[in-house]
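Visitor: Turn these sequences into a full structure, and let the hints guide you.
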Amino acid sequence: KAGVTQTPRYLIKTRGQQVTLSCSPISGHRSVSWYQQTPGQGLQFLFEYFSETQRNKGNFPGRFSGRQFSNSRSEMNVSTLELGDSALYLCASSLVQASNEQFFGPGTRLTVL
Amino acid sequence: DAKTTQPTSMDCAEGRAANLPCNHSTISGNEYVYWYRQIHSQGPQYIIHGLKNNETNEMASLIITEDRKSSTLILPHATLRDTAVYYCIVRVVGSGTYKYIFGTGTRLKVLA
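Respectively, the protein sequence lines represent chains A and B.
Heads up: the first sequence is residues 1 to 113, going by our numbering.
Heads up: the second sequence is residues 1001 to 1112, going by our numbering.
For the record, the hints were derived by calculation from the structure and aren't laboratory data.
Glycine is no exception: its CB is placed at the ideal position from the N, C-alpha and C atoms.
Please note: incorrect hints may appear among the correct ones.
Not the full set, but computed from the structure, chain A residues with beta-carbon under 7 Å of chain B [unchecked claim]:
(1) 42
(2) 43
(3) 45
(4) 90
(5) 100
(6) 101
(7) 104
(8) 105
(9) 106
(10) 107
Here are a few chain A residues that sit away from chain B, every Cβ distance over 10 Å (derived from the structure) [what the hints assert, rightly or not]:
(11) 2
(12) 4
(13) 15
(14) 16
(15) 17
(16) 24
(17) 65
(18) 67
(19) 113
Guide: Shown next as structure tokens:
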């Protein structure tokens, strides 16, 4: 069974631009969560989607948004990029909402210049 | 919100047991403790979770103190491939939603 895939793996943007990251969950998984990982703040929860609806949200500004499609694939969007948005963005999938075990993808490394 | 504290780093000899502590003194009665690990350049990997009873699976054992204010992850026979950052996580429930608060993580280095 294929694991969680994230595209692109690496991305370079400049301040003020926007970016869209994609996540394909494990087949059959219906919940997708997003996390931001930085050296200073560690791993921080962004949001969780289940059945195309955002179910949970972390403490991030409205510039961070996401959506989930009917096939459970998810996208995350960051608008008006700031230098501090440079991070590894991780996607995790699970069978159902708030499952005990989440399966993480390899992440997308975003660099904002 | 419950938070966790972990030592920044630990070393362990290959073949010996690695005991990784985690403090979660403000944990609430219905909050679970989870452990994940992250090997360099990979996404985190689930290890184990528990509420108040000790748990064991093929990867590790989780010992939770009776007052639930701390726990210990035990890797019974550490190998070089267990070198990773280990995260102790408390799952917080609030207003009908679930949040995941990651600790700072312990960087475990298994020495040959």
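Visitor: Quick check: which numbered hints come out false for this structure?
Guide: Number 12 only.
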